[in-house]
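Residues per chain are reported as follows:
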Amino acid sequence: MTECILGYITTPNIEEAKQIAKELLLDKLIACANIYPKVYSLFWWKGEIDKSEETILIVKSKRNLKQKIVEKVCSMHSYECPCIIFLPIEDGAKPFLDWIISEVN
Amino acid sequence: MTECILGYITTPNIEEAKQIAKELLLDKLIACANIYPKVYSLFWWKGEIDKSEETILIVKSKRNLKQKIVEKVCSMHSYECPCIIFLPIEDGAKPFLDWIISEVN
Amino acid sequence: MTECILGYITTPNIEEAKQIAKELLLDKLIACANIYPKVYSLFWWKGEIDKSEETILIVKSKRNLKQKIVEKVCSMHSYECPCIIFLPIEDGAKPFLDWIISEVN
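Each protein sequence line maps, in turn, to chains A, B and C.
Sequence positions in the first sequence follow full-length UniProt numbering and run 1 to 105.
Sequence positions in the second sequence follow full-length UniProt numbering and run 1 to 105.
Sequence positions in the third sequence follow full-length UniProt numbering and run 1 to 105.
Same shape as in the complex, but just chain A:
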């Protein structure tokens, strides 16, 4: 396993995804972000199946910054309870993993 993680964050639109990504980058909490412009989401919300178009923000960072990423995203996010989850990166091209570590706090 590496020191790095992949963050998976949903936002209502591209603008909010870009704003969040920029702030995370400026705070040196992530090394990079990939924004998937449009997904169709279905979900349980207050007892009903709801649906909406969303944007997915994938970020790459270090494991020990997870909590700070959650705090920063929640401070900016327009949702009450945003999807912010982290997947372990078990391995990868060493230069890229080293680059992630060199770019964040």
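I should point out that these hints are in silico values taken from the structure, not numbers from a laboratory.
Only a predicted model underlies this, so the values are computations on that prediction, with no experimental measurement involved.
Treat the hints with caution; some may be incorrect.
All copies of an identical chain are treated as equivalent in the list; a pair is satisfied when it fits inside any one copy or across any two copies.
[Unchecked claim] When the alpha-carbon atoms are kept at most 25 angstroms apart in a straight line, the in silico DSS-like pairs for lysine-lysine are as follows:
hint : residue 1 : residue 2
1    : 66        : 51
2    : 46        : 94
3    : 38        : 18
4    : 62        : 28
5    : 18        : 46
6    : 62        : 46
7    : 68        : 46
8    : 28        : 51
9    : 72        : 22
10   : 51        : 94
11   : 62        : 51
12   : 28        : 94
13   : 38        : 51
14   : 72        : 18
15   : 18        : 62
16   : 38        : 22
With chain A held as given, fit chains B and C onto it using these hints.
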């Protein structure tokens, strides 16, 4: 590591992805789904490299529901051997993880 | 945990993603690939926040082929330091996992 997992499922089109997502939600097997409308897939099939457009269905649920999710998806899916894989969610925003657990069986 | 992994690779465009996918398939280093045509990327590069449109190449393979995948991708990739990371597949539909293993070296 959390009790939650991210499911990654391929389908031939958005309609089938939405149908599967709705059934999984109705059966309380997942809390939410993100559908990526169009990807280009390349794959080995019966000795040849084949290609097709597909739709990706990402679902979030609890680890102990994986087998039921596989059974439900296979019962509805138009493929002989659909891609249904699960990635571990190692961490995330606690309210969101709690919400996943509260929304599924 | 399974013997399989999900690879997450960024490329500048669909053509390069398709070329890399085909070579990985021909060398029996992956069983299949899903190409996400367009994402917006933001990242630190040489001290500045840079941005560009990219394509994401998701591949599915066996854990013991990771290093060969990295070598092959780096030999073809147009980036100096491409994002090539691997996420663990903890579980999935057994026929599909068996299929991955049967299709690669």
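Taking the hints in turn, this is what the structure says about them:
1. 66 <-> 51: between (28 angstroms within a copy, 23 angstroms between copies)
2. 46 <-> 94: Cα proximity of residue 46 and residue 94: across copies only (18 angstroms, versus 44 angstroms in one copy).
3. 38 <-> 18: For residue 38 and residue 18, the Cα distance is within 25 angstroms both inside one copy (13 angstroms) and across copies (15 angstroms).
4. 62 <-> 28: within (11 angstroms within a copy, 32 angstroms between copies)
5. 18 <-> 46: Answer is between; shortest inter-copy Cα gap is 20 angstroms, intra-copy 28 angstroms.
6. 62 <-> 46: between (34 angstroms within a copy, 19 angstroms between copies)
7. 68 <-> 46: between (28 angstroms within a copy, 24 angstroms between copies)
8. 28 <-> 51: between (33 angstroms within a copy, 16 angstroms between copies)
9. 72 <-> 22: within (11 angstroms within a copy, 32 angstroms between copies)
10. 51 <-> 94: between (40 angstroms within a copy, 22 angstroms between copies)
11. 62 <-> 51: Answer is between; shortest inter-copy Cα gap is 21 angstroms, intra-copy 32 angstroms.
12. 28 <-> 94: both (20 angstroms within a copy, 23 angstroms between copies)
13. 38 <-> 51: both (13 angstroms within a copy, 18 angstroms between copies)
14. 72 <-> 18: within (14 angstroms within a copy, 32 angstroms between copies)
15. 18 <-> 62: within (20 angstroms within a copy, 30 angstroms between copies)
16. 38 <-> 22: both (19 angstroms within a copy, 19 angstroms between copies)
When the structure is compared with the earlier hints, no violation turns up for any of them.
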